[in-house]
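So the chains spell out like this:
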Amino acid sequence: MKKLTGNRVFLLVSALVLFAFSTQLSKIPQGAKEYPLVLLIVSFITVVLLFIKPQQPEETIGKENALRIFIFAILTAISIFLLTKIGYILATLSFVYAGLWYLKLKKNLVFYLFPIILTLSMYFLFTRVLSVILPMGTWFSLTL
Amino acid sequence: MWENILLGLQGAFTLENLLFEFIGVVIGIIFGALPGFSATMGVAVFVPFSYVLEPGAAMLLLSGVYCGGVYGGSIPAVLIGIPGTPASVPTSFEGRALVRKGRSGEALATVTLASAFGGFMSALALLFFAPLLAIVALKVGPPEQVMIAIFGLSVVSMLSEGNMLKGIFVAFISLLFATVGQDPMLGFPRFTFGNFMLTGGFETVSILIGLFSLPEVFKMLESSKEGQKASKVSRMYLNWKENFANWFNYIRSTVIGIVIGIIPAAGPDIAAFLSYNEAKKASKHPELYGDGSTEGIIASEAANNGVTGGSLIPLLTLSIPGSAPAAIFLGAMIIHGLRPGPLLFTQHAATVYTLLVGFAVVNIMLFFVGWVFCRFAGKILVIPKQILAVIIVVLASVGSFSIQQSMMDVVTMYVSGIIGYFMLKYNYPLSPVALALLLGPMLEESLTLTNTMYSNFFMIFTRPLTVVFLLFIIVSLFWPLIKKQFKKRKAV
Amino acid sequence: MKNRMVLALVILLVGAFLFANGSAETQSAPAYPNKTIQMIVPYGAGGGADISVRLVTKYLEKELGQKFVIQNVSGGSGTIGFTQLANAKADGYTLGYFSSTQTNDGLLFEGIKYDNTSFTPISMYASDPHIVIASKSSGITNMKQLIEAAKKNPGSLTFGLGGAWTSHDFLRMNLESAAGVTFKRMVFQGGAAAVTAVAGNNCSVAVPFVSEALAQIEAGNVVPIAISSSERYALANQIPTIKESGFDFEHTMWRAFVGPAGLSADIVKVLDAAIGKVMSDSEFLKEAQAAGIFTRYIGGSEFAAFYEENHQLYKKLIETALK
Chain C
5 MKKLTGNRVF LLVSALVLFA FSTQLSKIPQ GAKEYPLVLL IVSFITVVLL FIKPQQPEET
65 IGKENALRIF IFAILTAISI FLLTKIGYIL ATLSFVYAGL WYLKLKKNLV FYLFPIILTL
125 SMYFLFTRVL SVILPMGTWF SLTL
Chain V
33 MWENILLGLQ GAFTLENLLF EFIGVVIGII FGALPGFSAT MGVAVFVPFS YVLEPGAAML
93 LLSGVYCGGV YGGSIPAVLI GIPGTPASVP TSFEGRALVR KGRSGEALAT VTLASAFGGF
153 MSALALLFFA PLLAIVALKV GPPEQVMIAI FGLSVVSMLS EGNMLKGIFV AFISLLFATV
213 GQDPMLGFPR FTFGNFMLTG GFETVSILIG LFSLPEVFKM LESSKEGQKA SKVSRMYLNW
273 KENFANWFNY IRSTVIGIVI GIIPAAGPDI AAFLSYNEAK KASKHPELYG DGSTEGIIAS
333 EAANNGVTGG SLIPLLTLSI PGSAPAAIFL GAMIIHGLRP GPLLFTQHAA TVYTLLVGFA
393 VVNIMLFFVG WVFCRFAGKI LVIPKQILAV IIVVLASVGS FSIQQSMMDV VTMYVSGIIG
453 YFMLKYNYPL SPVALALLLG PMLEESLTLT NTMYSNFFMI FTRPLTVVFL LFIIVSLFWP
513 LIKKQFKKRK AV
Chain P
53 MKNRMVLALV ILLVGAFLFA NGSAETQSAP AYPNKTIQMI VPYGAGGGAD ISVRLVTKYL
113 EKELGQKFVI QNVSGGSGTI GFTQLANAKA DGYTLGYFSS TQTNDGLLFE GIKYDNTSFT
173 PISMYASDPH IVIASKSSGI TNMKQLIEAA KKNPGSLTFG LGGAWTSHDF LRMNLESAAG
233 VTFKRMVFQG GAAAVTAVAG NNCSVAVPFV SEALAQIEAG NVVPIAISSS ERYALANQIP
293 TIKESGFDFE HTMWRAFVGP AGLSADIVKV LDAAIGKVMS DSEFLKEAQA AGIFTRYIGG
353 SEFAAFYEEN HQLYKKLIET ALK
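Chains as they are written, first to last, in the numbering used here: chain C, 5 to 148; chain V, 33 to 524; chain P, 53 to 375.
Be aware that one or more of the hints could be misleading.
[To be verified] Each computed DMTMM-like pair below joins lysine to aspartate or glutamate, with the alpha-carbon atoms no more than 25 Å apart:
#1 Lys-375(P) - Glu-68(C)
#2 Lys-31(C) - Glu-371(P)
#3 Lys-110(C) - Glu-254(V)
#4 Lys-111(C) - Asp-323(V)
#5 Lys-188(P) - Glu-270(P)
#6 Lys-31(C) - Asp-167(P)
#7 Lys-236(P) - Glu-38(C)
#8 Lys-251(V) - Glu-68(C)
#9 Lys-119(P) - Glu-254(V)
#10 Lys-203(P) - Glu-296(P)
#11 Lys-37(C) - Glu-371(P)
#12 Lys-114(P) - Glu-339(P)
#13 Lys-515(V) - Glu-254(V)
#14 Lys-37(C) - Glu-162(P)
[What the hints assert, rightly or not] Over 12 Å on every C-beta distance to chain C, these chain P residues come out as not near it, computed from the model:
#15 Thr-88
#16 Phe-120
#17 Ile-122
#18 Pro-206
None of these hints come from the bench; they were simulated from the model. It should be emphasised that the depicted structure is a prediction, and the values quoted were computed from it without experimental measurement. Virtual Cβ for every residue (Gly too), placed ideally from N, Cα, C.
Bound-form chain C, shown alone:
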């Protein structure tokens, strides 16, 4: 009985992605199809080989660490989602505060001032100096 290690799950997901790609192949006209087809086949073969190979032992990072990373990743995802909803300034400001709070930074002057300085300095650098308009919110927008 082969164990479903983390690596094997990773490979299964890759195989799913490859499968999704292969469903698109029929639409692609001749001349644009051959090259990706070859890549798809080789990728599939290597996935299978890696799957049946004896697995290396995997290092574990402990539940507590995994949870911390997971929550931080979710925080990041939320902030990216919010970028187009409440705009760059508010999304970034709240992400930086939330992140620092969650990672238990000591609550001194740095904790309160740093997020504002980071957010606003990036904002002014981009919008004023580099004339790149950072995401604005659809729900609510703050522009300076």
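Model the placement of chains V and P on the given structure of chain C, informed by the hints.
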């Protein structure tokens, strides 16, 4: 020629122009050093800025940004293991290990010297041999490009020593991802799943930003206890003896950089990988690679900065941009009425030679500015990990957004980061992704073109340069084996 | 205690910003334009489109007294930028760059929602001709020889393009149907790469834009055959037009400014007049020539009609090509 160089010296050393060179270098280094920002971006955002300047000053400012950007990317690569630009990926292998050994100052000093050397030599090549070397760019046709792409991809085998199959898997699936979007021949949007935002494919730079920075952030969070204790900063220190012993490495790496710079479609990133690969093969201590080898740093840095001057050679003489930042450089020149071509050197001699001489000056300046900058940058090692983690995430998001002002790229960055973390965890090498994404489009395009040119693929071996490149690949691949044989014989 | 004070300060600061921002917007609005105008350029900074837009807006700023911010929304081969423009508020503060072929993107790419009705044409400001060039080894020196060579070996004379569905590709289609020949397509990434291939004798013919080809023509690495505009080009006066060579053929890529659909006629009028003024400014014309921009102004209802006509023309071309 000498009169013109004298003219250039006069132009490059006016107080005003020196100031612009300096400002350019500083801005470039900052742009390169911030993860998520790149040299290309630095040059792009400063093009409109340079409109208001005199043509000479504008070109010098952009040269500074370009050279500084390519160099700056290596500073975070050394200090926190996050390459500021893809060209610094090989540097990050060695730099990180040296920092762990408490040799951060030495690593940064080597980076600075090698970059300035590579850049300066490329500037000399640009100044003295531009018309001669530009011919190389013309000789490189699609079949040669196929060879270069394959040569570049062969580096994957070195990058994935120990788990070759995983490296091959990563390379092929990345090559597949590089095919998303319009195909090079018919312009059909492939694998877009009906989403027009993917018509142009995934943005390579966003993928690389995510892949190389987010996993480092997650790793910082992992080692909560001991990791939060900041690493020590060591003093900037240049080991002259070691650097002198590497004289051949310096020359070889710079030449690789200049040649790759001249060849269209291959930029500083490819040069760094190739040169690092060659240095390791030629090294007397290949076992040190990945464990803090200054040789590796020299190889990758001299090469990626060697590209800067190299890529301007075909640009100025024949209007062929040799790298992405060089393409933007072209736009800036045109708007100033400096149309590249053979006439440029006679019609606008003063401006052009100011640029050429200034390019060398920029690289000398790079050494000193970089040195000072590194002394301050070293301090990021004492920033608490929590703050660093948050900064990197913000920089990565804003950086990937600003490339094309598209949210799609931010999402791409994030997803690549998550995938990258799992890849690290399950022991998949990350750097083949960079190689495959950068070389994939070139490989497919040149293969298709070669197919159009020759109905019989083997006809390409009637082209002398193709054969030379092929021999190069073969020797490079089998060199380690040959070396082993030699050693055995000696032992007997 | 100290922490709370800092917190209060922070809230105050943020509040002040919010307030300052809010109050600025309530001021009554005088005539258009009264604030910064965003200009969407769906291509990268430093490229041909970007250079020309930046030059024109520099002069437009003087004319209209407002700042223009150029946004290079270059994702998705330009489609993301055009979608953004099509979805923008039609208040005259979001405008965009536009060229020959984009109204038909829906035929080429899945999921594209914009078409010719999604934009309000304002005015055309440039139209770039192509230069037909041939490699030295091909032995071709004029249009007649080019067509003969193509007729002799149907489908095997290599023809370098700067990309699929670009102006280069459409020129090829037009030329093929006009002369009754077929070429062998070689698609490069950008016109400069196609010129390089011709200079290296890897490709027989190419049709780059003038700015992409001049350096190699001057260096004597490629043979110039003809220019695709109706008149010769001042900076390369020795090159004949295609028409002069006996073919009734003309092809240029035009560049224009458009707004989202539903832009009021008054706003269009203000912008069109300002652009028209810029286009007759001698200082602008001098700078444009140095930057290799082929200025050509068509505005008002004339351009609106041209825009429609052009849409139908390219629609037909693409539909035939896709068959």
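Quick one: work out the minimum CB distance from Phe-120(P) to chain C and report holds if it exceeds 12 Å, violated otherwise. 9 Å, violated
A cut-off of 12 Å on Cβ-Cβ distance, and Thr-88(P) was said to be off the interface with chain C. Does that hold? 10 Å, violated
Are the Cα positions of Lys-31(C) and Glu-371(P) separated by 25 Å at most? 18 Å, holds
Take a quick look at Ile-122(P) and tell me if its Cβ sits farther than 12 Å from every Cβ on chain C, holds or violated. Since the minimum Cβ distance to chain C is about 7 Å, Ile-122(P) lies within 12 Å and the statement is violated.
Holds or violated: Lys-111(C) with Asp-323(V), Cα cutoff 25 Å? Measuring from Cα to Cα gives roughly 38 Å; hence the hint is violated.
Verify the proposed pairing of Lys-119(P) with Glu-254(V), using a straight-line Cα cut of 25 Å. 48 Å, violated
Pairwise hint evaluation, Glu-254(V) against Lys-110(C), where the allowed Cα distance is 25 Å at most: Holds, because 19 Å separates the two Cα atoms, which is no more than 25 Å.
Pair hint outcome, Lys-203(P) versus Glu-296(P) [Cα-Cα no greater than 25 Å]: 21 Å, holds
Are the Cα atoms of Lys-37(C) and Glu-162(P) separated by 25 Å or less? 17 Å, holds
Please confirm whether Pro-206(P) is truly not at the interface, meaning its C-beta sits more than 12 Å away from all C-beta atoms of chain C. Given a closest Cβ separation of 19 Å, the condition holds.
Please work out if Lys-37(C) and Glu-371(P) have their alpha carbons no farther apart than 25 Å. 21 Å, holds
Is Lys-515(V) within 25 Å of Glu-254(V), Cα to Cα? 42 Å, violated
Consistency note: the structure conflicts with the earlier hints numbered 1, 4, 9, 13, 15, 16, 17.
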